[in-house]
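Q: Please model the complete structure; the sequences and the hints are all you need to start from.
Chain order of the listed sequences is A and B. Per the working numbering, the first sequence runs over residues 1 to 519. Per the working numbering, the second sequence runs over residues 1 to 309.
Certain hints may be false.
[Said to hold, decoys possible] Heads up, simulated DSBU-like pairs for lysine-lysine below, C-alpha to C-alpha not over 35 Å straight-line: (1) A/Lys-33 with A/Lys-127; (2) B/Lys-160 with A/Lys-160; (3) B/Lys-121 with A/Lys-115; (4) A/Lys-486 with A/Lys-226; (5) A/Lys-313 with A/Lys-484; (6) A/Lys-114 with B/Lys-258.
Because the hints were derived from the structure by calculation, they are not lab data.
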Amino acid sequence: MNNEQGLRLELEGIVKAFPGVLANDDISFSIKKGEIHALLGENGAGKSTLVKMIYGIMKPDEGTISWNGKPMNIANPKAARALGIGMVFQHFSLFEAMNVLENIALGMDEKMSKKALEEKVVNIMQKYGLSLDPKRVVSTLGVGERQRIEIVRALLLNPKLLIMDEPTSVLTPQEVAQLFNVLRQLSSDGCSILYISHKLDEIKELCDSATILRGGKVVATCDPKKETAKTMAAMMIGTSLQAINKVKSKDFSEIGFSVNNLSLKGAGDFGVSLKDISFDVYRGEILGIAGVAGNGQNELQLVLSGEILLKDKAKISMNNIEIGNMSAKERRKHGLCAVPEERHGHAAVPEFSLNDNAILTARNRQNMVRAGMINAKSAKQFTTKIIDEFNVMTTGHGASASSLSGGNLQKFIMGREILQVPDVLVVSQPTWGVDAGAASAIHQALIDLAKGGAAIVIISQDLDELLELCDSLAIINEGTLSQKQKVGVMSIEEIGLLMGGVHGENSSVSSSQKKVMAQ
Amino acid sequence: MNIDLTIAIIITMVGASTPLLLAALGELVVEKSGVLNLGVEGMMLTGAVVGFAVTYTTGNPWLGILAAGFAGACVSMIFAFLTLSLFANQVATGLALTIFGAGFSALFGQAFTGKPIKLFKSIFPDYLTDHPILRVFFDHSPLVYFSLFMVFAVSYFLHKTRAGLVLRAVGENDHSAHSIGYSVIKVRYGAVGFGGMMAGIGGACFPLLLTPQWVEGLTGGRGWIALALVVFSAWKPTRLLAGAYLFGLIATMEVYAKAAGGGFRIIPSELWASLPYLATILVLVLISMRHKMSSSAPACLGKPFIPSN
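A: Written out as structure tokens, the structure is:
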């Protein structure tokens, strides 16, 4: 390692604000030459925004980015590449119908003949042991191979800094090991690497130093080799959370909703497979499902709500009725309501009036339809009730859903489902984008609903929210759901470790590290 | 069948195919860039009337062709501005363009109805064009040679040049192309303009190659066949050539079936005339039944590109 040669990249006081959010708040850190530097943080901590500014996709509002000691204004990705900054995105920008070589050629700024390019590509692949057939069409390649195209594309530019955005989230353990070899070799050649991840094991294994972001701020800079996964998890999630006290324990007796050994193959290359998920929710209980985005939450939500049907109806049951093969409409009739994560176009039709949106999910439970005819009066009454009780800021029941602000629409959607008084409610991100006051109103409504005897499942990435609201908690990671635990029993460290993919609560970090090494 | 008739059929077939081939080649490039312009028929009619008018007034068919190409490109820019800059729906805008072209050509062409024009002189010496056998190669309008040249030019451009690669990339995955740093909108403007030019020239083939006069609705729906041809060819220029000549042959059969008499008389001429259109429907049905072929369509075909930031 050539650390003594100085700094490759230096960030000083970087600020970036979006409407309503301060994504990056006074961020400063630096990366040495040849260093593998981890950028660690939860979803929404501001990692992506930060690297987008380094790669020239966005511009910082304040602060300076220095490259090799000189302050730089990186205008666009092309300028970044010209400096020697390469980036491998989490979602590949590849062209399915074209072959590997054509894809690489498209990413090149300098013009060169096909032959010269092919020669260069083969050289790089040999040097770093990246096996790939340049003539293969991308659509026939697996995820790991696709990532290799992106890496080769980046390496062709002879980068001095390579940004890897969550590179292992879609790789098999073997592919991860190969990738790490490539990155180590690059680092020993003097190329710095900015490695973005929330996977603690990997960071400990690979990185020389780590900058930890939380809520848009740098909360710590550390040497991952000297830290444990537990201490890093605590820094990532925020030790302040530990202050939250155990919710007073309630006694539940009757199972309202249960899922038994549910497995589901993920769709497409990026779909997450659900692996043998089982849990019971009692009537009156609120179960929180925590986890980093993209670990199977979407798939789970779709299966529970009835958008993905199961062949075996016994996998999901409510009030002792097996509902695994029932459509969303039938499940609603039986008393299972659901709120998906995406408000526009999934939970609500943006162009429709609030009235029509209310009819769409509440028509059967609220007797709005008789003999195929809509009962306009009862629809209007119900919509007005939602608007009043959930304090939705709108011009009236005829306003279109798209005219509402995100938070207001969320209130409306939550109100629409809660006021149907379901026996089971499955909610994704109940307070996403909602201001604090409205969030607590939604929380209160959920608690009241549970008090009335409903079984509630909340899928959220907001751990604070889950700890505040839920009676029990389970953590989803790569499609596997942990054992359900009473809130307050699990420590923050344990939760963090489970979210970061270190399975088994009692396994020490060193043994889990061995597991990674063995792979 | 005697050799003279065969050669006559081939020459007629090639002529009848040329407007289709030119217009379809243009549309192929447009679709490769991810834009679906259903206004081919309208652009062809515009090209036809402008080509005729300029040829009639100047007496020079070369100027007529140039003007037709220019007019087609101009009309296509209306489409490009609406769909690419204002994100209007491509299907609806394309249909509107067809209606516009039909109306414009009818209005503008009124003054030229029934007027005669001079056609291209042959570019080869008489002993070649009059030779009973060799005339199959030489007795064609310059537009025919131009269309053949364009088949290979487009094929070379798409698959051998960097600009062609970028164009295909834009049609395949517009957001990726944008994130790499290519201007999706500019590439698509260029492609739509090229498509308009080719459709305009294709349209001008009707008065300048097939029937040297102007009548309303001269192109007779060939723009729609050109659109179907692009699908039929699976977006490959050389296959487009084969497809266009096949359709040309079917269209030619009508003429020669009447002349041949005998058994051919049993089939009414109206049915012969409808054959190219029936064949179009048949081909499209067959293609949509074969999933493999439809997957060769550019992935972003018809989707508007709205830059994310």
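Q: Hint by hint, note whether the structure agrees.
A: Do the hints match the structure? See the list:
1. In summary, the hint linking A/Lys-33 to A/Lys-127 is supported, as the alpha carbons are separated by about 20 Å, within the 35 Å threshold.
2. Taken as a hint, the B/Lys-160 and A/Lys-160 pair is honoured in the structure, with Cα atoms around 32 Å apart against an allowance of 35 Å.
3. Restraint check for B/Lys-121 and A/Lys-115: not satisfied, since their Cα atoms lie roughly 45 Å apart, outside the 35 Å limit.
4. For the proposed pair A/Lys-486 and A/Lys-226, the alpha carbon gap of about 32 Å is at most 35 Å, so the pair holds.
5. For the given pair, A/Lys-313 sits about 23 Å from A/Lys-484 by alpha-carbon distance, which is consistent with the 35 Å threshold.
6. Restraint check for A/Lys-114 and B/Lys-258: not satisfied, since their Cα atoms lie roughly 54 Å apart, outside the 35 Å limit.
Violated hints, in rising order: 3 and 6; the structure is consistent with all others.
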